[in-house]
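Q: One letter stands for each residue in the lines below.
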Amino acid sequence: MNVLLSNLVLALIWAALTDTMNAGGLVIGFLIGYLVLVLVFRQHPDVRQYRLRVPRMFSFVVFFTKELILANLKVAYDVLTPIHLMKPGVIAMPLRAESDLEITMLANAISLTPGSLSLDVSSDRKVLYVHIMYLHNKEDVLNELKRMETKILRVMR
Amino acid sequence: MITDTLAALFIIGGSFFMLVASLGVFRMPDLLTRMHATTKSGVLGAGLIMCGVMLFFIDSGVTLKALAVMAFTTLTSPIAAHAIGRAGYFIGVPLWEKTVKDELHGRYDEETHVLHSSDDQKENEDRG
Amino acid sequence: MTTLMAILIGTFYAAAIYMMLRRSVVKLVIGLILLSNAANLLIFTVAGLERGTPPLIPKGQDVIVGAAADPLAQAVILTSIVIGFGVLAFAVVLIHRACEVVQTDDMNEMKGTD
Amino acid sequence: MDLEVLVALPIIIPLLLGAISLTVLSNHNAQRWIGAVGTALLLFSATALLLQTKEHGIQVLEVGSWPAPFGIVLVSDMLGAIMVMLASTLGFITALYSLKTIRKRFERFGYYPLLHLLLAGVNGAFLTGDIFNLYVWFEVLLVASFALLILGGERAQMEGAIKYVTLNLLSSALFLTAIGLTYGLVGTLNMADIAVKLGSVDDQKMVTVIGSLFLIAFAIKAAAFPLFFWLPASYHTPQVAVSAIFAGLLTKVGVYALYRVFTLIFTADTGFTHEVLLWMAVFTMLTGVLGAAAQFEIRRILSFHSISQIGYMMLGLALFTPLALIGGIFYIVHHSIVKSSLFLTSGLIYRLGGSFELKKLGGLYRKHPGLAILFFIPALSLAGVPPLSGFFAKFILIKAGAEVDSWWAIGIALLVGLLTLYSMIKIWNEAFWKATPEPTPPVPAPTRNVLIYFSIGILAFITVALGIFAQSMYEIAEIAASQLLNPAAYIEAVLGRGSQ
Amino acid sequence: MLIAVLSCFILACFAPWVHRLGGRQSGWLLSLLPAALFVYFASLLPEVSQGGQLQFAYPWFPGLQIQLSFLIDGLSLLFALLITGIGFFILVYGGRYLEGHQSLGRFYIFLLGFMGSMLGLVLSDNLISLFVFWELTTITSFMLIGFNHEQEDARKKAHQGLMVTVLGGLALMTGLILLGLAAGSFELSTILASGTLTEHSLYLPMLLLILLGTFTKSAQTPFHFWLPNAMAAPTPVSAYLHSATMVKAGVYLMARLHPSLGGSEAWLLILTLFGAVTMVTGIFLASRATGIKRVLAYSTVMALGTLTMLLGLGTEKAALAAVTFLLAHALYKGALFMIAGILDHSAGVKDFRDVGGLRSSMPATTAVAILASLSLAGIIPLFGFVGKELLLEAVLSASIWQIGLTVATLVANIMVVLVAAIMALTPWFGKTVETPKKPHDPNVALLIGPALLAVLGLLFGLVPALAADGILTAAASAVYGQPVTLGLSLWHGINLPLMLTISSLILGLIMFRFWAGWRHMTRFMQTAEKFGPEVIYERLMLGMTSFASWQTKTLQNGYLRNYLITTLGTVIIIVGWALLRVQHLELHISFDDIKIHEFAIVALLILSAIIAVVVRSFLAAVAMLGALGFGVALLYVFFSAVDVGITQVLVETITVLLLVLVLYRLPEFRSLSSTANRIRDAIIAGATGLLMTVLVLAITGARQLEGISEYFLQNSGPLGHGRNVVNVILVDFRALDTLGELFVLALVAIGVYAMIHLRTGALPVTNSDRRAAFNFRRAQKEKSKAEQQTKETGESS
Amino acid sequence: MKPRRFNMRSLILNTGSSLLLPLLVLFSLFLLFRGHDEPGGGFIGGLVAAAAVALKLFAEDYKAARDMLRVHPLQLVGIGLVLAALAALPALFFGQSFFTAQWWSVDLPIFGHLKLSTPLLFDIGVFLGVIGAVLTVVFTLAEAEHS
Amino acid sequence: MNPVLDYALLLCFAILSVSVFLALWRLFKGPTLPDRVVALELIASMTVGFIGLYAIRTGRDAFIDVAMVLALTAFLAAIGFARYLEKGSHRDDH
Ligand code: NA
Ligand code: NA
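Protein chains in written order, with my numbering: chain P, 1 to 157; chain X, 1001 to 1128; chain A, 2001 to 2114; chain U, 3001 to 3500; chain C, 4001 to 4797; chain H, 5001 to 5147; chain Y, 6001 to 6094.
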């Protein structure tokens, strides 16, 4: 996290120095700062982790956007077709995510992705209850959800 | 010109998903299925329209604001959905009759609102 | 558009007053909210409706060139919204306390004082 | 320093005191000191303002240095200065009375801040030259009164408060609507500017429509017939000190607003507006006094009389002659003093006699002659017995009515005077002359505190002085009335020369 | 002069202390003041009796032409002498009569106050200050009638007397104002000098109003009932107020205004008619009464009627008769009342039927009583005789109703003889009746007053010129308006009046013989009284109170909705009426420029409002209001109000949060109203809504002049240093509004806080609270730190 | 209808709220300070800040929200009122009508050119006052639930 | 303005207008409070959409500020209702 902070500070300084205190300036500052950090502090363990995290984050955003659009198309399809093809159900998904933030992020992501809506986490944090639109096969659905969990954890950890 | 046309496409898309969301909320059979529609399509609809805004204005300040709107909706919408869904589940809002499975059923503690991870756990605690 | 707004305002007033006249005291809350909105919209409408010209001076300029919506009416409405909100908050708590103390929500039974 | 600042002080002082009082809510002593010294300070500044206005004419302060009609102006004409003086006097007296009568619990829950802010709202209403600003001050004093009304949380308070709040909010909404329509028509909020611009509107009848909306909004605040219901429903429920300041000030704010608006702004169609005012005035007098005749609880009697007396004040405006306005203003001053005095006395009656119910009271004439005097003087003054203030107030109005041949209004006014005396003597006979009934109600606080007597005594003294030195009051009221009848001077003072 | 009047009030204020100082002799001590005043007034006699006038003026209230001006002529001086002279005796008498009474101090206050008021009344030159004193006599007499206030009867009677006289007083005030307006001055001297006002257009209303005042004060039929009822007062009071002075205030004023208002047809008719009727009614009722004070009171009514009748006639003779009769009456009636008091005080009797044969035990009293009664009966050579002769002469020369008036006077005279006989004989002669107290002649303080007054009656009878030259001619001149040349004499020779007097004497004595039979014969009066004016008064009062309670119950009925309906009804009627007066009501209706999204949102809002009204669940309504709030915010946005839109959104959201917080404590919506009520409410609501719609349509676009908003657009930047014009207005141009608004929020906070916490009794924010909270937080922090440590140690192990 | 004594204890909500809370507070300050030039200002900012604390209350419980605020909201009201009223006074020292805006320009090394003014002080007063007032109501009601 | 965008805006406004009534219908119909709240949430989102479209239509980005505030705070109402429901009041309408 400290590294992210440093990167942000670098972005700010860049924007201030170039007198481009706006979105564009900040983005450029961030990218330049990232490069500086990754190239200069290569040995630092935190930075090493951070080096990967940024691309992962970007790839997650792309993935997530894709999923979101797909989700919507699916919903659109179901909403617009006259017959309900749904097979809704609530399933319990065992959690690998541990920290509050991880769980919350996962739950939110699940809610925004196709056919799933997280309802609640069990009080012992072991299980996330998810409402599924097309519950044809529980295993498939669970695998799909776990794939998402993995992606998120990679960004978060 | 091109950006304007792109913006037009984005806002049409956004509006379309808004319509989808509202149709969902209008047509879907039970609370949870309606929430699927609103959570996803609402966020996407607003997001796409905001993309349209970004493209139309092409201004860093506006972009920042539009991004903020997108971020805020993306962040708040699922949280709200969670809160409502949980509350609805808790007060016993009926599920659609064609719901195939409900693993959550009976795992809430009526008194303390503790949610158990399995039926066993609940029974253990009830006994203890 | 003014005509449409006038109808809307009339509807709000009517709905507000109808709700204020109910015996069930909690409906008063709804009435008060509607009443406040009605008055604000009335000011807004009679001050003149302007589309898409907020009274904001563009960056780098000192005055607004061209038309702009009436900023004074907006300031007045803003103030009145906030006052209305405050008063409503008070009224809500008052009604809640009154129901608790008097043990009824029927206005007809609240006639211990004239 | 420029003396114009005097115009702002009667608002700023209580506002600051209220705010500071709020930050030291838990400190009883500080609360009381701020209460007493602060209101004394207020009284001092109000006196200075009155003298300044009397000496140098209408005082105008442009808030924030923004010129009228763009910024808000505070205007102290004679009427405004008189009203501020009145409010500050009552504020000071009430604060003194409160020192010994308000329970610590209430102090802790903001009694003093509420009192200060109530005064700020009242003074703001009296001094502002801006119609929307008037609305804001109305709301300030209204909410302050809401809060003061429910201190205690008893059933009667709650029931009364609901009616009070609802009807007053309706009035506020009508007021706001009227402001909106006015703004729509002329695009300005400064009252002097409104007066000028409305004057040049083609269709004066349309102006009257807006005027009639103002009329109703203010008539509700003033508790005029048939809009007074909130007052009897609530005035007898709060702490006595609160009732006293309510009775002395709140309805007067409505009356003041009527005076201001219907002398400055809506004067073109008096055939309609002032005719309506006249009818309202007459029925207000009559229904109020009859309401009082039907009551047997002191505070309720006093409440209904408040309504009745509002009728006299409105009569002054409705007749709309110099003398009538003088009478009306005289009446406002007289009634505020006397009614507050009576309410405070009712509190003392309760402390010494154990009840507000006439049936349960008695024997006070023998046991507490001081109290008897403190009641008798304002009671007679209220009924218009010479040479007390009420007599001259009534006399001027009757004379003014006679001058314009308004016979039936005079007749009613006289009859109402008689019935007022009827009620006052009813209280006197029952609470004072009658032997103490059995069983004697338990006396809650038989303390004879000097401060309580002193604070009521001042008011009694004022009502006597207003009678004996009626000329001084008359002169002031005369200036006020002539200013009211000559809005051009007001407009010029606010907008500058050549404004019309 | 001012000092003369004010001295009474000043002494009144210190009376209780003087009382304490003087002890038993306090009456004597206090009576020094009226004695001194009497001497002072007497010293003015020489000048006044020559027809001179004295005027004094002190400024009081120049704005309304009210000043403390005094006019001393024959009439006012006569009254002043009576007031101070009899006042002297009454103070002496009262001090002893009420000796030891716990309220004697207060008695002095009111008696002296009354004396001052009465002096002011008769001496005032200014009509308004006259009225001020007039009302003060009413109030002081109220306090005196209610002296024994612990008795319900005394309170009731005091209230009654007050109501009647104040009713008259208010009429009088109006009349005096009219008089002042008509004459152009409030100064009596000016008015009287400016000649008659009978031709003035305001004459009749003025006259009627003034007469209403004087008639009530002077107990003319039908207002006569309050006077005997006022006998609830202690006897000294009755003697003073209700015989000698206050009741004559009305007579005084009529006499005073006679030159200006008299002489008209109306004056003549009203005064003589009411006077004659009162005279007969009074004496008839006196003849039937048995209570000593009651008999005297009714006979006073008769005297007042007589005086009124004489003033009505308004001839020179009548004027002289009036002042003579007035003086005679004051002398003997004052004496007789004090005798009545002595009878009560020394023997404990209040009724003629309970008394007899006291002459041996109370010889001196008997002598005084007989002397005074003879004057009452009008027997030569007493002063009463002089008065009566003049009366008959005046009546016989009346210009209207000559025979009627004469007969009435004769009848009255017969019964006066009866009353005099009762007074002169019943208590003292005949069989000795056991009395509650052992009868004895009273202390000199009690007896000196009646004795001297009775002797004066004899003195003036023997030497009428003494009175006539001293004051009566001057007084009569003041009444008549021109110098009176007639003189007074005891013996006019054997003429018709004398014959009439003798015959009435004989008939009166015969009636005395059959007094009991007379009372029995006229018992029909008991039924007649049920329709008498007193009953009418009581009915009126009852009617007033029951109407009052009906009205109050109807209007102030406790139902908020009725209040709202009345209020809104008023709005609809008055504003609607004003709207109907607009000749060319131009409604700016157009549907041209509506955008689809605007239409959609407006429709959404209308629907939401309707749904919020009809929906059966509070929660649903709240949710509906949420949608409504967003819709309204959108409208603000559509029409360029950004800040307003944001505020609307936020306020809406927070309102929902607040509602949610109290929601489960608020009861659910209930449908309580009947369909009829709902329809009625819908009509009211609809009408109000329609009115508002029409107003908006009428006002929008009607603006002709440019508003001030352009100024803000132009100056926010250069002068306000801000680009958000709305915000610059809020924090700079109109900061005072915003400040006020902030205070509204603060007040709401205090109010809500107090409302909730005063119930729970939780302590509000205090320093100790803050300390506790701080300690608690520190403890929490330490605890969590400790937990973390244990966690860490646990993980590491 | 006595409420049960528990809080929502939802992990997702709690975490979500603690993510959003700083965002809301920051956003409210942003609205406050830009208010003079762009949409925003003391009221709007104050309402957002109050909403932030309210979120804390709703997501967790009364105590958490109360502890977060540290001062009693009623005192916040008092401070806000005093600040707002004080903004009126500096003008008096310059012989101007009260509430006349005073502007001071300050050049700071990092922040650059700063505009300090009494309207800003006033807006801050409004900001605090609004937070205090709204939270007083909210807290009072929330507290009453437990009694 | 680009005519494509112009028509697009018209179309979008039309779509959103229809949508908002569909949501309103659910808000009215319920049947349970959570259903209404979901509809309310959606209306809030649509308001954001409306504002976005309107900003484009007028070319004034200041309107986006309203959307920003709305996006950040509108969900609070839902949280509030949820809390209310969890507090366990059982009315005929949940
Ligand atoms: Na504001
Ligand atoms: Na009053």
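There may be inaccurate statements among the hints.
[Unchecked claim] Here are the simulated DSBU-like cross-link-like pairs (lysine-lysine), alpha carbons at most 35 Å apart as the crow flies:
#1 Lys4530/C - Lys4595/C
#2 Lys87/P - Lys66/P
#3 Lys4595/C - Lys2059/A
#4 Lys4350/C - Lys3426/U
#5 Lys4553/C - Lys3360/U
#6 Lys2059/A - Lys5115/H
#7 Lys3104/U - Lys3054/U
#8 Lys74/P - Lys126/P
#9 Lys3426/U - Lys2059/A
#10 Lys4785/C - Lys3359/U
#11 Lys4431/C - Lys4553/C
#12 Lys87/P - Lys151/P
#13 Lys1101/X - Lys146/P
#14 Lys3104/U - Lys3205/U
#15 Lys3205/U - Lys3100/U
#16 Lys66/P - Lys1101/X
#17 Lys4595/C - Lys3359/U
#18 Lys146/P - Lys1098/X
#19 Lys3359/U - Lys4438/C
#20 Lys1098/X - Lys138/P
#21 Lys3426/U - Lys4156/C
#22 Lys4530/C - Lys3360/U
#23 Lys74/P - Lys138/P
#24 Lys126/P - Lys5115/H
#25 Lys1098/X - Lys74/P
#26 Lys1098/X - Lys66/P
#27 Lys126/P - Lys87/P
#28 Lys3360/U - Lys4156/C
#29 Lys3054/U - Lys2111/A
#30 Lys3426/U - Lys4530/C
#31 Lys1098/X - Lys126/P
#32 Lys3367/U - Lys4595/C
#33 Lys1098/X - Lys87/P
#34 Lys3367/U - Lys3100/U
#35 Lys87/P - Lys74/P
Calculated from the structure, these hints are not laboratory results.
All values reported here derive from a predicted model rather than from experimental measurement.
Q: All the hints need checking, so say for each whether the structure fits it.
A: Results of checking the hints against the structure:
no.	hint	verdict
1	Lys4530/C - Lys4595/C	violated, 82 Å
2	Lys87/P - Lys66/P	holds, 23 Å
3	Lys4595/C - Lys2059/A	holds, 29 Å
4	Lys4350/C - Lys3426/U	holds, 29 Å
5	Lys4553/C - Lys3360/U	holds, 23 Å
6	Lys2059/A - Lys5115/H	holds, 16 Å
7	Lys3104/U - Lys3054/U	violated, 41 Å
8	Lys74/P - Lys126/P	holds, 29 Å
9	Lys3426/U - Lys2059/A	violated, 73 Å
10	Lys4785/C - Lys3359/U	violated, 68 Å
11	Lys4431/C - Lys4553/C	violated, 61 Å
12	Lys87/P - Lys151/P	holds, 26 Å
13	Lys1101/X - Lys146/P	holds, 19 Å
14	Lys3104/U - Lys3205/U	violated, 55 Å
15	Lys3205/U - Lys3100/U	violated, 54 Å
16	Lys66/P - Lys1101/X	holds, 28 Å
17	Lys4595/C - Lys3359/U	violated, 69 Å
18	Lys146/P - Lys1098/X	holds, 26 Å
19	Lys3359/U - Lys4438/C	violated, 41 Å
20	Lys1098/X - Lys138/P	holds, 16 Å
21	Lys3426/U - Lys4156/C	holds, 10 Å
22	Lys4530/C - Lys3360/U	holds, 33 Å
23	Lys74/P - Lys138/P	holds, 18 Å
24	Lys126/P - Lys5115/H	violated, 53 Å
25	Lys1098/X - Lys74/P	holds, 19 Å
26	Lys1098/X - Lys66/P	holds, 29 Å
27	Lys126/P - Lys87/P	holds, 25 Å
28	Lys3360/U - Lys4156/C	holds, 18 Å
29	Lys3054/U - Lys2111/A	violated, 47 Å
30	Lys3426/U - Lys4530/C	holds, 25 Å
31	Lys1098/X - Lys126/P	holds, 28 Å
32	Lys3367/U - Lys4595/C	violated, 79 Å
33	Lys1098/X - Lys87/P	holds, 7 Å
34	Lys3367/U - Lys3100/U	holds, 21 Å
35	Lys87/P - Lys74/P	holds, 13 Å
Violated hints, listed in ascending order, are 1, 7, 9, 10, 11, 14, 15, 17, 19, 24, 29, 32; each of the other numbered hints is respected by the structure.
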